[in-house]
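Enquirer: Place chain X on chain S using the hints.
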Amino acid sequence: MRILYFAWVRERIGKTDEVLDPPAGIKTVGDLVTWLAGRGEEYAHAFENPKIIRAAIDRVHVRPEAVIAGANEIAFFPPMTGG
Amino acid sequence: MAAGTETRITIRLQREDFDAAAEAAKLTQGRTDVGALVTFTGICRGAEDGAPIAALTLEHYPDMAEAEIARHVEEACRRWPLFGVTVIHRFGRIPPGENIVLVVATSSHRQAAFAAAEFLMDYLKTRAPFWKQVESASGAQWVAAQDADDAAAARWRAPGENKDV
Chain S
1 MRILYFAWVR ERIGKTDEVL DPPAGIKTVG DLVTWLAGRG EEYAHAFENP
51 KIIRAAIDRV HVRPEAVIAG ANEIAFFPPM TGG
Chain X
1001 MAAGTETRIT IRLQREDFDA AAEAAKLTQG RTDVGALVTF TGICRGAEDG
1051 APIAALTLEH YPDMAEAEIA RHVEEACRRW PLFGVTVIHR FGRIPPGENI
1101 VLVVATSSHR QAAFAAAEFL MDYLKTRAPF WKQVESASGA QWVAAQDADD
1151 AAAARWRAPG ENKDV
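Top line first, the protein sequences correspond to chains S and X. Per our numbering, the very first residue in the first sequence carries number 1; after that it's consecutive. Per our numbering, the very first residue in the second sequence carries number 1001; after that it's consecutive.
I should point out that these hints are in silico values taken from the structure, not numbers from a laboratory. A hint or two may mislead.
Examples of chain X residues lying across from chain S (beta carbon under 8 Å, computed) [as the list claims (entries may be wrong)]:
#1 1042
#2 1059
#3 1061
#4 1121
#5 1125
#6 1126
#7 1127
#8 1132
#9 1145
Among the chain X residues that face chain S by a calculated CB cut under 7 Å, a handful are [claimed, not checked]:
#10 1063
#11 1097
#12 1101
#13 1124
Glycine included, C-beta positions come from ideal geometry on N, C-alpha and C.
Just chain S, with the same shape it has in the complex (with noise of 0.2 Å):
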């Protein structure tokens, strides 16, 4: 799945956005949070607060407890600043 990123979330990680396959125990946004965390410094950095990252599958809003299973893009993001 692509996994994108946008303001601080994408500054602290470095990348605007990836591929990824995580594992099968990966379920829902808030495991993938978790698993993303762990891939280094930079995203342990960028998801340090998990309660103030939003999310979004396939352009949609969503919470922590959805279910990842055939999501084509999931993005990560700080809450929203527009208007």
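Expert: For chain X alone, coordinates are given in the frame of chain S:
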């Protein structure tokens, strides 16, 4: 449907500036059913917390932003009897004094037009995937989300609707 009575919906994400008056005029041109037109323009301030800024840079998630705004425009059209809605949101670098965002809503009466414009702005602030970065003498800094904006958006939720999604 008689000519000129269709609901006019425009959603645009763009780097370039817009002309708020010209966009508003498109919603009344050639029709006489509109009795109220509300226009809101968000403009880049020259100072944040008393400190001058050089510019704002807006990052966005293009496909999601368009879909998310469209969903909220549809929601506004379900809640209020609107004749037209225009939402234009800029991205990229925006210097002080320039426009950031435009919301225009038209209806027969003012209540619906005011409410729809405010609803859309409250949601754009908290749910549309845009992120502002302030450029100033002390460097570039991401704008923190405001609790007041979340509270403003929460006013529009139906009772029991989940606040976290």
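Enquirer: Which hints, by number, does the structure contradict?
Expert: 11
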